[in-house]
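Visitor: Below are the chains, spelled out letter by letter.
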Amino acid sequence: MATAVGTVTHVEQGSRVWEWMTTVDHKKIAALYGVTGFVFFLVGGLEALLVRTQLAVPQGNVIDADLYNQLFSTHALTMIFLAIMPLGAAFFNYFIPLHIGARDVAFPRLNALGYWTFLVGGVMLTSSFFIGDGAPNGGWFGYAPLSDESFSGGSNMDFYVVSLLVLGVSSLMGSLNFAVTIINMRAPGMTMMRLPVYMWMTLVVSFLLILSLPVLTVGLVQLYFDRNFDTNFFTPATGGDPILWQHIFWVFGHPEVYVLILPSMGIISEVLPVMSRKPLFGYAAIVFAGAAIGVLGFGVWSHHMFTTGLGTVPQIVFSASTMAIGIPTGIKIFNWLGTMYGGNIRFTTATYYSVAFIALFTIGGISGVMHASPPVDTQHQDSYFVVAHIHYVLFGGAIMGVFSGIFYWFPKITGRFLDEGLGKVGFWFMFAGMNLTFFPMHFLGLSGMPRRIYTYDTGMGWDTWNMVATIGAYVMAFGVLVFVFNFFKSMRQPQTAPDNPWDGATLEWATSSPPPAHNFDVIPEVRDRDPLWYNRDHGIALPEKPEHMHIHLPPPSYFPLVIAFGVLLLAVGGLSHLALVAVGAAVCIYGIWGWALEPTS
Amino acid sequence: MAAAAHEVEHHTSTGVDNRKLLMWIFLASECLFFGALISTYLIFRGESITGPSPEDLLDIPLTSASTFVLLMSSLTMVLAVYGAQHGRIALMKGMLLATIVLGIGFLGFQVYEFRHFGAHGLNLTTNQFGASFFVLTGFHGVHVGVGVFYLISLLIGSMRRSGIGKERDLWVDTAGLYWHFVDIVWIVIFTIIYLMPH
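First to last, the sequence lines map onto chains W and L. The first sequence: position 205 = 205 (my numbering), numbered continuously. The second sequence: position 123 = 123 (my numbering), numbered continuously.
Heads up, incomplete: computed chain W residues facing chain L, CB under 10 Å, no partners named: (1) 110; (2) 181; (3) 184; (4) 185; (5) 192; (6) 216; (7) 219; (8) 222; (9) 238; (10) 244; (11) 596.
Just so you know, the hints here were simulated from the structure itself, not pulled from any lab data. A quick note: this is a predicted structure, and the numbers were derived from the prediction, not measured. In this text, a Cβ means the ideal position worked out from N, Cα and C, and glycines have one as well.
The shape of chain L in the complex, shown without the other chains (with noise of 0.2 Å):
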C-alpha cells in the first residue's frame, strides 16, 4: 500500500511482515472487547433505577472537541508513516511527538469529564449508566495510554543508534494501526453515547 514499500527481511507466505500481521489479528480481538463493553452499555441504557442519567450530564460541544483531537492525532499519525516510509526522519519524530501529545491531550479532556460527573454525583457504583459508561471509556482510555507508551517507546527508539533502525516503517506502521483502531473505537463509542439519543 505504500509508495515506497519497504523490503519484508524474511519471505512470508502473505508478504506481510509476521509482526504486522500479529497486530491486525490482535486489533480483531479487541473488536470483540469493545463489542461485549459497548453491548454491555447499550443493554443498560435506560435501566438506572436512580442516580444521574446521560442528558444530565453529557457535554456534547466538549467531549466533540477532544474528538477532533483524538482524529487530529489520527492524522498526525499517518504523517509519521509517512515519513518513516519516505526516509524522512525528521518528519517522522516530529509527528509522532504530535501524536503523542495529541493522545495525552485526549486523555487531559477525559480526566477533567470523568471529575466533572463525579462532581455531579455520577462515579462508577452510582447506577447502571455509571459502571457501563465508566468501564467503557475507562478502558479506551488506558488504550489510549497504552498507545501513548508505544509511540514514546518508538520515538526513543528511532533516536538511538541500536534502535528500530532499519526497521523503522515496518514498527510506525504497525504503531500506526494499532493508533488507528483506537481512534476508530472512539468514534464508535462518541456516535453511541453522546449522539444517539437516549
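Excised from the complex, chain W in its bound form (with noise of 0.2 Å):
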C-alpha cells in the first residue's frame, strides 16, 4: 500500500504479480493495456497471415471454407477492438495526467476496472476458436440475417454478441474517464486551447465512444434476443427488418473508424512539431477539424449501405456528408505538411512513422472520397477495392500512428531508447510490405475480386496480384518481428534517458523517464501552448522539488478484479445458462458495494 511519497517511506512489499493485478496507476494501467494489446496485434496479424496464404495462388488449399469465414471476421475484430483500441487507451492512460499536469485520472478504480473488462472480452472472443462451434464468422459488421440463429446456428455469433457487449462496457468505462479528467482536472492555466493536440483528440474519441457505442449494445441485444429469444428485430417474416441492423451497427461503425484515425493523428501533431523543431502549424484549425470530424462523423453512416436500395435523397445526402467530411482531415494534412515546412527536421524512427502516416493515410483517404459517389461504390462495394481503403487507412494510418508514438515516447516510458538503426530496418520492412500488400488491392477490386471469398479461380486475373499481396503481408509481419526484437533487446539496456530527450514541448517531459509515480514534484502552471519551449525561450526553470511533498495516491483496490469477474460470470451466463447471469450480477453488486465502502485515504 503507498503511504505519502517523500515523507515516510514505508511501502508492504506484496507480490508483484497481486501488485499489478490491483494497481490503480494510471502509468501500470496503460502498461497493461499496451503490452495485452499488443499481444492481441500480433494474433490478429497471423489471422492475417492465414487469410493471405489461403489466398496466395488459386484454390488455395491451406484453410477450408468455415475456418476461414472465422479468420477474417477475427482478423478485424481482433485488430479494432483488442489491438488499435487498446494500443489507444494505452497511450491515453500514460499520458493524459502529465499532458493536462495532473497526478492521476479522474476515477483510478474504474480505470483499472476497465482495463480487467477489455481482458475479459478479449479473452472471451479469442477463446471461441477453442470453445463451442469456433470463432465469429459472419464478419465483424455481423449482417442479419446472416447472424441470425437460422443461419448461424452455431454459438459462434453468441460468442461475437457477448464478447462485443462486454468489450463495449470496457470502451464506456474508459472514455468517461477520460473525458472528465480532460475537463476538470487541467493544471492550473492549461485553458482547454493549451492542452495538446493528442488530448484534444483523446476528448473528441472519448466523446464519439460514449455517443456511438450506446447504439451497438442497443443492436447487439436485439440480435440477442433474435438469436435466444425468438423475436424478430431482423427477419422479414414476421415484419422485422435486416436493415435495422445496418442502421444501428452502421450508426456506431462510423463514428468508430474515427475513434480508430484520431489517437494516431494527436500522435503526429505530437510528434512532427517535435522533430520538426517548430510549432504546430495551424493549432485552432487542427482542433476545430478534430472536432468536426467527430460531429460529421454521425452524420455518414449510411455511405455503407449505399447499394441497399436507400432511395435517392439519403444517397444524395449521405454521399454529400461523407465528401464533406474530407474537408476537416485535409485541413489537418496541410498544417501537418506546414508544420514541417521550414522545419530543422530530425529524421528519427518516429518521424519516419509521422511522415509514412500523412503519405499513406492520403492515400486511404483518396479511395475513401470515391466511395462516396454511390455509382462509383456500387462497383467498390464488397470488392477488395475496400479493403485497400480501409488498410491504408487502417495500418498505413493508424498503426503507423501508433508505432511513431511508441518510438517517441518509449523513452519517457521507459527510460531507454529502442534502437534506431534496427527501428528504421523494422520500418521499412512494414512499409515497404503494407505497400506491397495493399496497393495491388486496389486493381484486384477494380477488376472484380470480391471480398469474403476463400478461394479463387484460376484465370480470373487475379492470381499475380494475390500472390504479391501474401508475399507482402509476410515483409511486413517480418517488419513487425524486427520491431519485437528491437523491444527486447532495448529492454535490457539500462534506464538513462533523460527527462527530455527530444527538447518536447509539452509536460509529460518535465519529469523523469521514467516519471515517478506521482508524475510531477509540483504541478506546474501552464502559460502557453507549448510550455517547455515558453519556459527555454524566457529562460524559466522547472520549479525545486520541496523539502517536503504531502502527496496522497490512491491505494490498490481489488474491488475492479471483483466486478470483471462477475462481468465474466454474466457474459458467461449470457452464452450458457441465464443462472450464471443471477450469479455474476451478485458478484457485480458485491464489488461495487465493496468499491464505494472502501476507504480511499
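Reconstruct the complex from the two isolated chains, following the hints.
Guide: Printed below as a string of C-alpha cells:
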C-alpha cells in the first residue's frame, strides 16, 4: 500500500503479481493495456497471415471455408477491438495526466476496471476458436439475417454478441473517465486551447465512444434476443427488417473508425512539431477540424449502405456529408505539412512513421472519397477495393501512428531508447510490406475480386496480385518481428534516458524518464500552449523539488477484479445458463458495494 | 445552483465535482441508448403482421396513473436533494424513502401491465409491437430498478456513521440527476407509445 511520498517511506512488499492485479496507477494500467493490446495485435496479424496464405494461389487448400470465415471475421474484430483501441487506451492512460498536469485520472479504480473488463472480453472473443462451434464467422459487422440463428445456428455469433457487449462496457468506462479527467483536472493555466492536440483528439474520441457505443449495445441486445428469445427484429418474415441492423450497426461503426484514426492523428500532431523543431502549424484549425470530424462522423453512416436501396434523397445526403468530411481531414494534412515546412527536421524512426502516416493515410483517404459517390461505390462495394481503402487508413494510418508514438514516447515510459537502426529497418519492412500487400488490392477490386471469398479460380486475372499481396504480408510481418526484437533488446539496456531527450514542448517532458508514481513533484503552472518551449525561451526553470511533499495517491484495490469477474460470469451466463447471469450480477453488486465503502485515503 | 452549495473538496477546472460530471456525461450515453430503442419502436409502428396491436391493449388511464406516480417520485427526489443540501437530514431520509416507495410503485404498475398484456396474447415474440415494446419498456424498468437500488444504498449509507456523511449533498444530487433522467425518458416513452395516435 502506498503512503505519502517523500515522508515516511514505508511500502509493504506484497507479491508483484498482486501489485499489478490491484494497481490503480494510470501508468501501470497503461502498460497492461499496451502489452495486452500488442499481443492481440500479433494474434490479429497471425489471423491475417493465415488468410493471405490461403489466398496466395488460386484454389488454395491451406484453410477450409468455415475456418476462413472465422479468420477474416476475427482478424477485423481483433485488430479493431483488441489491438488498435487498447493501444490507444494505453497511450491515453499514460499521457492524459502527464499532458494536463495531473497526478492520475479522475477515477483510478474505474480505470483499472476498464482494463480488466477489456481482458475478459478479449479472452472471451479469442477463446471462441477453442470453445463451442468456433469463432465468430459472420464478419465483424455481423449483418442480419446471416447472423440470426437460422443461418448461424452455432455459438459463433453468440460469442460475437457477448464479447462485444463486454468490450463496449470496457471502452465506455475508459471514455467516461478520460472525458471527466481532461475536462476537470487540468493544471492551473492549462486552458482548453492550451491542451496538447493529442488531448483534444482523446477528448473527441471519448465522446465518440460515449455516444456511439450505446447504439451498438442496443443492436447487439436485439440480435441476442433474435438469436435466443425468438424475437424478429431483423427477420422479415414477421415484419422485421435486416436493414435496421445495418443502420444501428453503422451509426456505431462509422464513428468507430474515427475512434481508430483520431488518436494516431493526435500522435502525429505531437511528434511532427518536436521533430521539426517548430510549433504546430495552425493549432486552432487542427483542433476544430478534429472536433468537426467527430461531429460529422455521426452524419455519414449510410455510406456503408449505398447498395441497399436507400432511395435517392438519402443517397445524395450521405454522399454529400461523406465528401464534406474529407475537408477537415485535408486541413489537418496541410497543417502537418506546414509544420514540417521550414523546420529543422530530425529524421528519427518516430519521424519516419509520422511522415509515412501522412502519405499512406492520404492514399486511403482518396480511395475513401471515391467510395463517397454512390454510383462508383456500387462497383467498389464488397470488393477488394474497399479492403485496400480500409488498410491504407488503418495500417498506413492508425498503426503507423501508433508506432510513431511508441518510438517517440519509449524513452519517457521506460527510460531507455529503442534502437534507431533496428527501428528504421523495421520501418522499411513494414512500409514496403504494407504497400506490396494493399496497393494491388485496388487493382484486384476494380477487376472484380469480391471480399470474403476463401478461394478463387485461376484465369480471373487475380493470380499475380494475390501472390504479391501475400508476399507483402510476410514482409510486413517480418517488420513487426524486427520491432519485437528491438523492444526486448532495448529493455535490457540501463535506464539512462534524460527527462527531455527530444526537446519536447509538452508537460510529460518536464518530469523524469520514467516519471515517479506521483508524476510531478510540483504541479506545473502553464502559461503557453508549448509550456517547455516557453520556459526555455523565457529562461524559466522548472520549480524546485520541495523538501517535504505530502502527496496522497489512491491505494490499490481488488474490487475492480471482483467486478470484472462478475462481468465474466454475466458473459459466460449469456452464452450458457441464464442462472449464471444472476450469480454474475450478484458478484457485481458485491463488488460495487465493496468499492463504494472502501476507504480511499 | 443550490442555495447552500457544498464546497468542492478538490479543486476542479469546471467547479463541478468529478463524480457529478461523470453522471452528466454518462446520462449523455444513456440518451443514445434509449434513442436507439425508441427509434426501433418508431420504425416498427404499423409493421406488425399478426397479433394484438397497440390500440387493442394500451390502457391510457392506467398508465397515466403510473406516470403520475413516477412524476411524483421526481418531486420527492427534488425534496430529498433540498434536504441534503440544507442539512435537513430527516427530510432527506424521508424523501429518499418516499422516492423509493414511489419508484417501486411504478414498477408494480409495469409488472401488472406486462402480465395483463401477456394474458391478452402479447409477449416478446408475438410481433414487432411486442418485441420493441417489451425491450424498450423493459430496459426502462431495469433502469428504474437500478435507481431504486441506488437510492436504497444511499439511504442505508446516510444512516451509517461512516457512510455518505459530509458529501451527502453531492451523492444525493448526483442520484437525483439519474432519477430525473429516468423520469424524462419515461415521459418520452409515454408520449410516443401511449399518447401518439397509431
